[in-house]
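The residues making up each chain are set out below.
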Amino acid sequence: MTTTAASAGLVLCETCEQVNRRPEGVEHMACPRCGAALHPRRPDAISRAWAFTLAAMVLYIPANVLPIMHSGSLYGMQSDTILSGVAYLWRTGSWFLALIVFVASIVVPLAKLISLTFLLWAAQRRSTWNPQRRAKLFRTTHWIGRWSMVDIYVGAALVSLVQFRALASIEPGAGAIAFGAVVVLTMLATASFDPRLIWDPVDHQPA
Amino acid sequence: MNDLPEAVPRKKGPRTLQIVWFIPLIAALIGGWMAAKAFLDHGPSVEILFKSAEGIEANKTRIRHKSVDVGIVKSVKLSRDRKEVIVTAEMDRSVSSGFLVEDTKFWVVRPRIAGGQVSGLGTLLAGSYIGADPGKSSEERREFRGLETPPAVTADLAGRAYIVRADDLGSLDVGSPVYFRGVTAGRVVSIVLAPDGRHVDVGLFIEAPYDRWVNPETRFWNASGLDLSLDGGGLKVQTESIATLILGGISFESRPEHSSLPQSPPNAGYLLWANRAEAMRARETVVESYMMIFEQSARGLAVGAPVDFRGIEVGEVRAIELEFDRERIAFKSAITVHLYPERLRSRTRNANANSVWNKLSFAERLDRMVANGLRAEMKASNLLTGGQYIALDFVKKAPKAKIDRAHEPPVIPTVAGGIAEIQESIGNIVKKLEAVPFDEIAKDLRRTMGNLDATLKRAESLLGQISTDVAPEIKSTLEAARKTLGTADKALATDSPLQGDLRETLNEVTRAAESVRSLVDYLERHPESLIRGKRPGEQAK
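Protein chains in written order, with this note's numbering: chain C, 4 to 210; chain H, 691 to 1231.
Please note that the accuracy of each hint is not assured.
[Claimed, not checked] Derived lysine to any residue pairs resembling SDA-like cross-links, with alpha carbons at most 25 Å apart:
1) H:LYS1049 <-> H:PRO1099
2) H:LYS767 <-> C:ARG94
3) H:LYS727 <-> C:PRO175
4) H:LYS795 <-> H:GLU833
[Said to hold, decoys possible] Some but not every residue of chain C turned toward chain H, in silico, with C-beta under 10 Å:
5) LEU13
6) CYS16
7) THR18
8) GLN21
9) ARG36
10) GLY38
11) THR56
12) VAL61
13) ILE180
14) ALA184
Hints are computed from structural coordinates only; laboratory data are not their basis. Just so we're clear, the structure is a prediction, and the values are computed from it rather than from any experiment. The C-beta atom is built at its ideal place from N, Cα and C for all residues, glycine as well.
Only chain H is shown next, with the shape it has when bound in the complex (with noise of 0.2 Å):
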């Protein structure tokens, strides 16, 4: 045993006994980490209403925002009057503030085509989830209602919205595009029916820049499908672009001398017109009310129907009423129009900004025209639909008129026009035929008839002595030409001795006078001849 080596003395080694107990202290650290972590990352649940939970599953479905996962579904239950489900969701710590207040919007991501686009394309193999978008209210909460479509905009995008009231809604719907010079500029957001029923108000978000063009004058119109026109200047086929023919959509635009004007404050509301041409057209700023009175019908004349001038539109009906003349006792169309000074101003060539047309007022101009004879007229427009409209025109040799100012509104001489005027002019021929004194025409006529029958009855008798006294002499006449042209006949036929001895008197004639021209011209020759006598051996040729 004492042989064994005797270990040797050594210092103090490290006191281990402290650094061991760090690893209990640091796994409870760890630990109690872990645990905080795992209950602060609790973040608050909230309350979901969906009409369906198609697609929604517990601890699957996730809810993101912008794609994030900032919470998951913990539970899907039905509500208590089985009419629509509750989705319980965790959602995460991170987003709690701010995140869910009152205008804060859930919806559930499917795959969807609809108006022109597709979404939710992902969702097809990973399955739905639920969209969120934080509003800005400032006010927590913690149940909501999900949206059964997916907001057209979110609400952090830039823009500004607005209303346009629609008569009808048309091909527009929610997520319809609105576009600004062919450039989407934003959607429809809402579609709200007025309480009273008679409008449509829509809502557009015009995204930021586009907003800028926003201003009040500007002009909304429905761009939806096509806009055919066929004038004298052709067929004209007007749309914003194919999309918009299935997807509708709306477009603005300001007119040029307003496109300078600040920008409308968000929610202003605006009009939606039919169509550009509509839309665009210059608004009246001046107005000016006159009554017509016609004792014609004014079946026909519609509220809206042009006043013309010459052919231009210088106003428009607004109202059609009867009234009734006691005195005459007779019943009367009472046209109340609008009438636009601008649209009646007169541009003279040879403008002279001083003369005393150009400085008279509306109501003075139209008193002197119709001192000069102008007259409102009812015309037909169309003469099949029997549509009718107001013509001003100055009328020839017409009564003399004027404006009768006493009267609420002015009323502005009128002609019958139309069928009247034709019933007039038919009038005026009749007269015209009664001045004519048909009796003692027929009189003079019966007296010439007399005296014309007994000239008749003369003549016969003449006829009648000429029928048996002339026409024998006559008959007889004409027999005994027809036997002197018999003889002539004969006597000139070819083979008639006349024409043979007449034939044979010819040729020796013709003979004469060889003889003649070959002694003329052997005496041309040898004209000693005649004295001396023919020289023997010379021929005449």
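Just chain C, same shape as in the assembly (with noise of 0.2 Å):
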């Protein structure tokens, strides 16, 4: 039986690093010396999550299907969309950079996604299969969620940098819109998940 902090019926201030004792019967309490809201486990976490990851799904089609960037120049206007510049980058022998955009842009959010989907489904039901790959899960997906924004790195830039009038423009779609709220919304998922969460169900588990 390991012992946590919520088991020995302390509270840690997250603001001022205090250690409190939890009172009795309270629910809501606040930290003696900073004032901050103290809470065992974060409120609320995996329905908040839940609501950042259904958002971040909804709008991962969008983000897929609606042009990311329209491009004129003299020779017309084109649009393209995440995967038609992957198809196109793969067409020109540009292997590499295709692989790096399709893994930053597709595969790693749907990643983010479908890991999140799990390990709030998992959390949800209590479940205490294998907590220390969830919880490596967990770290992983934190960690690579800013490498998502690669795309929209390379739209601002070029957007702002390829201005040329008539001659080339550059303006972003929908589906850039789209696609950096897919990757705001699945950080602040992954954000709002409490960690802790994989692991008290362990605790509690009948001996």
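If you follow the hints, you should be able to join the two separate chains into one complex; please do so.
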């Protein structure tokens, strides 16, 4: 039996790091030193994470279907989605770049969504299955999140740099906004998830 | 453990649960809206048939109306019979209603240099696009046949279309300008050969506000090229503008008296005249038919040849036929003419509206004129080509004649003219020659000749006598005369003694005269000397 703060009747202030005793029968507590709200687990962690994940899932569809970029030149306007961009890179021989874009823009967000869904589902069911692996999965998800923004950075740089009026111009498409939203929402979901929830069922399982 | 501070109770915080669930709701709304928009933006798709897909690319070529994108080409395929190209395009939702109707036109805009206009230069770099011009019909349609050339006018252009009928197209083409007093007022929009192949119907579009000047009496003429004329006034060159020299063009104008007529309805038909002079000529409103029968050949007389009265065209030849005269068993030329009474109107200086002449009808006037000797005559208008025209003129000593009004059309009496006239004159001369008594003249002549012969013989004998008797006498006389003249010549020579004597004698006479003069002078001064004699010591001067 592992001793956790919660099982010991203690609660840590996440703001001033003071460890406090948890009074009996009190639902909402505050830190006596700094006055911040105290709670043994992040409140509504699962439902918040679910909300963000679902929103990200919904926006993942337009992010991939709608054009992410409109590039106009003397030869006319052209609209590209993420996939058509990858296909273009692949066709023109830039396989490595195509791979990076494919992984960063399609695989990673998808993987994040899947892993978040799995973690949330498992935590909600109070699953005791393989908590170490699930904890590792959560860390990976958290760490990998920032890489998905590569596309958005490239797009933002191009839009601001390539503005030669009639000669060439690049404008962001609706897909870029949706894609950015997906990335931000998955990061928020990861942030609002409390990894301690992975371990709670393990502690409370009947011995 | 117990020395740890105890957390203090806190009021219930905000209900964060409900707020956080707004996020997926908003995301769903945004996603749903995007999906709906994408779905709704899918406008109707159309199929356009083109002869060639040059410059058309799937997913790149746009359909534009007034330079606004209204659609995009989705696929380019060959038709089943491989004769045409089927271009499938997706139109924007925004233009679907009322845009894709029966008379909507599509054409490929490529760089084009034709008819003095350069268009579609932008497509050189940006690639071709498909131009669209929505029609006015209310019948929806999804399949169209693309035009090979851009339409000259777009449907929303204000103005009216008219049709002019031309015998020959000349240098006109679709897009050729239409001028009104030198202002470009419209364009040729269509050229259709009539089904019977006899003329060409040229469709014009006159833009507002110039269409207001097209009325039922407006004349259109072909302004293409140069109108050169050489006449008494010199060489005249007329052209609308230099551009029409190359491009061709049509001009229109109304005669001043017709300029206030109401505007013609659209698609009214007109004739296309060859030039301005012909177009603007006054049209005859009153036409009367007459016939003239000539016994001479009508060779050189053509339908349309003028009927001339003292140099003024008063009509034209409408038909030339052959007529058989049973009584005289001869062929005659029956010429039908149209006379324009208004042109034969006489302008009298002291115009008296009530005069008898002015009250007469044209027929009555013509009757009177014929009674006074007016006759029709065929005359050569051009000796080189042998062209002929009909002249009406008063013929002196013409045999009495009148217009045969029993015939339809009435027949105007004629006199033989031209070659026939000359023939007749020669005939007259021959007749007179025939009247000369050449036989008697010959007899007399012969008698006279006999007498002359005898006279000559006598003269000859006389001359013989002269040569034998008179000639020697004359000869000796002449010799004597020559001798005398020789003597005279010698006597008169400068070195002859006669001359020397004469000179001396004359010197003496001169001296004697001087002496006499001095004597006279002296006597004038000293008249007394006549009595007393000369005084000593006094010189005579």
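Against the structure, the hints come out as follows:
Distance check on the hinted pair: LYS1049 (chain H) and PRO1099 (chain H) sit about 23 Å apart at the alpha-carbon level, within 25 Å; holds. Of the pairs offered as hints, the one joining LYS767 (chain H) and ARG94 (chain C) holds, with about 24 Å between alpha carbons and a cut-off of 25 Å not exceeded. This hinted pair checks out: LYS727 (chain H) and PRO175 (chain C) have alpha carbons roughly 17 Å apart, not beyond 25 Å. At most 25 Å may separate the alpha-carbon atoms for a hinted pair to count; LYS795 (chain H) and GLU833 (chain H) meet this at roughly 11 Å.
At a threshold of 10 Å, the smallest CB-CB gap from LEU13 (chain C) to chain H is about 7 Å, leaving the interface hint in force. Interface hint at CYS16 (chain C): satisfied, since its Cβ lies 8 Å from the closest Cβ of chain H, which is below the 10 Å cut-off. Because the smallest distance between the Cβ of THR18 (chain C) and any Cβ of chain H comes to about 13 Å, over 10 Å, the interface hint for this residue is violated. A distance limit of 10 Å between C-beta atoms decides the matter here; for GLN21 (chain C) the minimum to chain H is near 7 Å, and the interface restraint holds.
Because the closest C-beta pair between ARG36 (chain C) and chain H is about 7 Å apart, less than 10 Å, the hint holds. Checking GLY38 (chain C) against chain H: minimum C-beta separation of about 9 Å stays under 10 Å; hint holds. Proximity of THR56 (chain C) to chain H holds as hinted, the smallest CB-CB distance being about 8 Å (cut-off 10 Å). For VAL61 (chain C), the shortest C-beta to C-beta distance to chain H is roughly 4 Å, which falls under 10 Å, so the interface hint holds.
Here the hint on ILE180 (chain C) is kept, as its CB sits about 9 Å from the closest CB of chain H, short of 10 Å. Residue-level restraint check for ALA184 (chain C) holds (minimum Cβ-Cβ distance to chain H is 7 Å; threshold 10 Å).
Violated hint for the displayed structure: number 7, the only one.
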